[in-house]
Every structure is written in C-alpha cells, then in structure tokens.
Amino acid sequence: MPDLDSGHIFLTTMAPIKPGAPTDSPHSSYEQRVRIALAKFPTANQSPATVDDPYNSPFARNLRNHLARMFVLNDTIYNGRITQNPLVAQLQGNKQIVPQPVDRLNAPYLVFCADIDAVEQNGDPLPATLSESRQKQVRAAYARQLWQTMEQELRDVYSNCYGFDGVQSADDFARYLDKCHVETTMPFHDYYLDLDNAGFHNLPVKPLLYGVLAPLLFGALVLVLWLFGAGHVPLLGWPTLPTWILSLALGAVLAYAAVKYAIANGEKPLAPAKYDDLPSVLKSLYIQQKFSEFFIDNQELPPDQLHAAFGKFMAEHDPQNRHAMTQKPGVISSADPANVTLKDASTT
Amino acid sequence: MTRKLNLNDIQGNVTRAYGRYSFPFARYIFFHFPNPGAARSFLDAVRQKVTTAARWPDQESRPKCTTNIALTFPGLLALQLPVRTLQSMPDEFIEGMKQRAFILGDRDQTATEDEARKDDWDSHWDPIWQKSREPGTLGFGKDDVHVMVTLNAQSQSADVQDTPHDALDERTKWVLQTAEDCGVTHITGVGAKGDQPYQDASAVFEDVGGTLRPTAKEHFGFTDGIGNPVFEGQLPLEIEDEAVIGRGKLMGNGWEPLATGEFILGHPDESQELPPIARPPEFMRNGTFFAFRKLHENVGSFDAVVQEEAERYATIMDIPVDEAVETIRAKMCGRWSDGVPLSKVPTYAEWIAFGEKMGWRGDDVVPFEGYVKNLKYIASPEARDFRYADDMAGLKCPGGAHMRRMNTRDYLDPLNESGVSDTGVQPKNAKATSALNKRRRILRRGLPYGPPNNTHKDDDTEQGVIMIIMGASLFRQFEFVQQQWIQYGLDFHQGNNTCPLLGSHEQHKRFTIPSDPKSGKPPYVMSKLKTFVECRGGDYFFVPSMTALRMMAMGIVDPT
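As you go down the protein sequences, you meet chains A and B in turn. Going by the numbering used here, the first sequence opens with residue 1, and the numbers climb by one from there. Going by the numbering used here, the second sequence opens with residue 1, and the numbers climb by one from there.
Since the hints were derived computationally from the structure, they do not count as laboratory data. Check each hint, because a few of them may be wrong.
Interface residues of chain B toward chain A, partial, derived using beta-carbon atoms under 7 Å [to be verified]:
#: 1; residue: Thr-110
#: 2; residue: Ala-111
#: 3; residue: Ile-316
#: 4; residue: Ser-380
#: 5; residue: Val-525
#: 6; residue: Ser-527
#: 7; residue: Thr-531
Backbone N, C-alpha and C define an ideal beta-carbon position, used for all residues, glycine too.
Build out the structure end to end from the sequences listed, making use of the hints.
Dropping the structure here:
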C-alpha cells in the first residue's frame, strides 16, 4: 500500500485529455490548452525572479502540500519485446524475428502527483496506518481543500480533460479525482530524525530462518535414519516414516508462510517521522531562522541575562504553537514579516 | 591495467603545477584572432615552443621559462573549426564564464538577469574581461579573448629570487612579435584601470632574514596549494606512493591516485567511462579544460572583520585577542597560517608547541632555517594525511571551513556515523571512502598576484590569486564545487551559509565554529562576514593536446 507511507499520502492521479480542439477555437488543442493553463500557474515566491511577486503558487494556499506536480504525459511507449532464450523460443514455436506489438497510452494524460499530510483536518496528527476507505476519505478531503482554495486554476486545467464537464462542486471534484486515482508504487520521502526509534518494521530474520530450518533439518535427519532401516526415532520413539514426511511437509508450509510474512511485512507503511506534518515543518523553518538570530545576538550574555532573553524569545516565538508565529507556505524565508503567520492572524 | 600516458602529447601545465619555489613567476597574455589564417599561423608557431608534460631528467634540464596555450570557445569559432566539432563542446564552455555568473555566485544571486544588467554587475571587472564576451554575442564579440599564452618562469638566480629570469621577458617579446607577424591582435586592458598589457602573477614574497623569498602563502596569509589531486600516470611510480597520500582517493585500500579521465579527456574517469568529447576523438584526447579566474582579495575587509569577530570570540572564550585572531583564521580556513591542518593539530596550544617541535617557531630559530623547515613540512605527506570522517561534527575543523568544502575527502560517505559524546568522542568511521568526492576534484594551477608582504595592502590595492581550475568537466567539477560547496552549505549542514573565505557574503554572512563539549565553551557563530574574495574576470578555456594544436594549425580538424 505505497499510497500511504510515513503518515503521508503519495497521490498519483491521471486524467485523460480530450482529443482535438473546441470547434470554435481550433488553433489550440485541448492538450495545448492544458499546457497553457499549467504555464500560467505562478511559481512559489522562492527565487530571485518571483520572491517579490504578488502571486504565489496556488498550492501554497493550503497547509497539506509538501510537494505537488502537474504535467502532461503525452505518451509512454513499450516496444513490447519480451526477451526469451532463442532455443526455448524455437522449441515453443515463437518467431523472435516477428515484431511484437508496441503498447502506447490511449490519449495524453494530465498527471497530478502530490505528497500530502494524510489528514482530514489541518494539523491533525499523522497516522501510521489507514484503511483503504479512510485513505479514500483523506484523498477526498484534500481534493475538496484544493477546490476551495484554487477552483479557478483547477477549472482552467481540468476543463480540457475527459469526464470533467459535470464537475460543479468540491464534492464533484473529489469524486472526479478519485476516478483518476492510480496506485503510487514508489513513494519518496524525507529523512527520519531518529533512526533507532523510527518504528521500522524490521524483519525478524533469525527466528524466521531457524523456525523454517528446524523442521526441515529434523525431517532430513529422520529420513536418513529411515533409509538406514531405523524404525523409530531414538529417544523420542516416534515412527520414522511418518515423522520425516510430516517434518518436511511442516518445513515447506513454514517456508511458504515465512515468505508470505516477509512480503506482508514489507508492504506495511512506515510510521510517520516526528514533526513530519507540514505545519511542523514550517514552524521548524521559522524557529531555525529566529533561533539562529537569537543565538548570534546573545552570544556573550552572562547566564542571568541570557535566561531572561531566552524567556522573551520563547514568549515571542512560541515554539510549541504550530499555527501562529510560523512561516507561510510557498516562501523562501521568514525574514520578511509578510511571510509570517502572526499570533493574532486567526482573529483578524 | 595501468596505461602509460603519452606525456609528450599533453601540455605541461596539466601534470605540473610549476611550483611556487621553482617557478615563482607567471605571465598570462591574451589574444584575439581577426581571421582563421592568422590564428593557424600563430598556433603553428607557438605550439613549437609549448612545454609538454614530458619528464625532465634532472633539475638542470628544467626550462627557465615554460610556455603553454589554451583557447576559449570564441577562439575555436574564430578558427572556423567544423560545426560538428563545435556543437559537441560542453554547454558551459560555449557560454563562457561571464554568462554563468549567476550560478557561480560571481554576481548577486538575489537579482534577476535584468536587475543585474541594469546594475552593471561586472563594472569592477578588469576592462579586458568586461569587454570580452559581451552579452548576446555568443562567440562573435569583437573584443573576445580567443587564446591565452601562459608563461611560467624561474627566479633570476638562487641569490636574486624576487625577480624573474630574463627568459620571461625574452619569451614575452617573442610571443608578442609572433602575434604581430601572424596578424593576431594582442588584447590589453588588464588590471583595475586596464593599464597592464598582460596579467602578471608571482608567489607572495616575504622578507626572510633580510632576503625576499617566495612563500607558499596568498595575500590573506594562509598557506595554499598543499592538497592538489594526484591522478594515474601523472607522476613517476617511484614517487607516486608518497605523493598520493592525502591527495588521491580513499576507496578501502589506502590512498590511491584518481582516475586519469577526471583531469585528462580521452581516458576512463572515476565512473569507469570515457568522458564525452567532441569529434574527432583525437582532437580532444589528452586535452582538458580550465577556468581562468582573477580573484581579488579584499585584505583590508578581511583583517578588519577577523579583528572584530576575534574580540567578541576572545571575550566569550576567555582567551587573549591575538590567540582569538589566529584561531578564527584557522577555523575559517582549516589550516593554521603556517599550513598545519586543524584536523591533526586542533588547538592553539598544540599548534604553538607543534611549531616549536618542528623547528620553525621560537625566539632562537634562525629565520631562514625556520622558513626551510616549514616549506619541507608543507611538502610532506604529514601535512596532507588526514580525514574528516573522524570529525563529522567539525570539533577540530569546522564543517563549513574552506578546506572541508573544497575537498570533502571522506566526509560525504553516506555510511558515515555522526554524533558526539559529552566528552567530545566521535565515531571513527575508519572505513569511510571518498564517495561523492572523487568526481568533484579540481587541479589548481596558477599563482597569486600583487605586491610582496612588506607593502601596505587594503581592499583597493590590487592583489589576489590567479586561479586556474582544471578538470575534464567544468560543469561537473569546478561549477559544482563553486555553486554547491562554496556558495551554498547544505552538504555540510550549513544551510545557506557560504564558504567563509571564498563565498559571497552579500546575503549570507555567517560561519559557525563548533566547540568541543569537553572545553565547556559554547560554539561561536561569526555573523559579520563580508565578501573577501571577488572575481575580477576570466573565462573558460580548452587546453589542447599537442596533436590538437597541430591539427588546428594545419586546418585539418575533420569530424567525419
């Protein structure tokens, strides 16, 4: 279930782009229109060219996105050549010099990927596991949030996609995006602060190995005894024939179960890292900057004055509060007060 | 298997740094090709004087003055090489260094291209480099530098070390006369006022017991140029084993030379592949690239900032100011001013004792003897044989120090463990390798320029370093190091902080000095850095092999 990993949803959706162009405007195909709409998205205020731009990325209007990406996937081409040993192919009558079919996408697709906090309300703790239906709810909550914060941009892009025509509300968009959803098979994620306590699902390799090997070795031993004509296992007194058969069978069953267990263990989502939700990340960026300034300004203070200054710092910047005195999404630093969510922001 | 290099085909400045003691003087002369015929005649004449990498049988057979040559992309264009050859040249070489100023941090990175242009961002460059490669000309600028001839010269004699041998002037005259005879234009305009005919450079001379002698220092007073990389085939095998210590790579078998292809085209590199080259293959084989950078040193700002920070540091650490000055300087660089690495001699007290033990510090030391002992130490493996993986936290040598940025050694091995105990003990990481570093090494050629140490220097006097940064890929090696390791700090857990010595400090002015927990002192953050080193011009050059020079001279570069 790689859609959910480390408390994040790694969303992948693909919406097929309509063929052709609107009859009243044949110069720009629907595919071209998607590209134009995407090109018009403002980038985040994070480079010299955009840092003072009045428009920020529309994805900076919500507090769940760690990363979002929309692009047009024009085609993927698989040339279909399935390799095979020539001798085997000859025996099976497969003619390898005859070209195999080339597989392609049936249309260009708008791909939308995002790495988001797997929560339904901003600031909720990140979950370690989520059932399929809860994941669906989380995705829908995110889709609704997008619709509420960037409806116009979404319309500009998705109106060129197949099946979008009836979408009129946040719930409609959530349903639409769910139809476009495909499973993410390889999520990427950032680092854990503390590897030792990260809660990884380490495979108990030795117990599994010994558990499987014990009945197999015992069975093999008894098999040898049986071949040499021993009727009963020494000390235990069990009859050798059924004992070796049952032992080897048990070993085989356990080996199968161990493999199944290892695969299931690997499929379990990793636990979220501490402070891995977007509000915490933004707050830590803010504190990192403010604390560096505090450190530099107060380097030579004697302990009592340092203590007092630190008390003032804590009161002003409120490190435990992830919702105020924090950096806004989509900006490069907290140096400009306009980039900071202030304490009274919720009331103004 | 080891392949012997054809040293007679490789230019001498690729394998040799023309050391500051044997060749303390250099001269860089620049030309423009008005037409391909003149260019070919000029190359044909100069190539016959070029000093190759062939080994000198003994000290006496060293030339008094060496000659080397390199071309810019506009130079190759002016030679009218085939388009198929030119179009496969690396992007950054085609664009040239000025066009790359944004990524190199040579101009304010918070300005857009438009703002930078309006600001006339390169107005402090030497006129020659302001006029070369005008924006928008892409290889066809009327004042473009096309070719550079490099002369390196020995001193007049063992007794008169601070003037160059007459051979330097003789060779200069010959080169200028040849250019005139061939119809090639000599471009002047070097220096802040543009009043110098060529770029002169020399070791920084210092009064040692009454005589001016070449030092291993640059104008801030740091000992420089100790850890130049060593690559396969560069040195005779009998000296390679020792030379490679601290200058090669660590891959689990002790110090080994880097792959030839990291520095010379046409040979396998550290990815075990041939670096990409333009056709025909023999045109670029045994050649390489370098960035020529005139780096001005703001000696006044540097001394003032160090003094101000040292006074605060001295208060916090409870030490005398002169100890604080020496310590801060060493922590910024990674070596003490006499070249002793912090990684081996981490504290001030140990450093003082080390200099006394080695015989170059103390009241009873005869200045010349101390000078000779120090130079001998700098040239020894002792001065280079250390690692950073045993000091991940930078307690000895700070993580953001200049040296740790320029050559990360084994610090970036992804398997390194970090952490510090309360008593300052760190993991040894004994098996750490040069992973993520061995593809980012650069050969440093070049010399300081400016007056000797007995002269007044400030921000406005002209002094600095002519840096020649050589490698098979300017993009992968020089530009990466400049952009990611000098002008940015994330690989060293330094955030946006830039190199304390070479970095631009217009925006980011901080440098952190970690503290050993057992000292009981806090870390110290310098916060008032100014831009101490600024580029005053330069460009990217191709260093052709002797074969390539001959092909260009004959006009038979045929890529088909």
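Right, here's what the structure says about each hint:
no. : hint    : verdict
1   : Thr-110 : holds (5 Å)
2   : Ala-111 : holds (6 Å)
3   : Ile-316 : holds (5 Å)
4   : Ser-380 : violated (38 Å)
5   : Val-525 : holds (5 Å)
6   : Ser-527 : holds (4 Å)
7   : Thr-531 : violated (18 Å)
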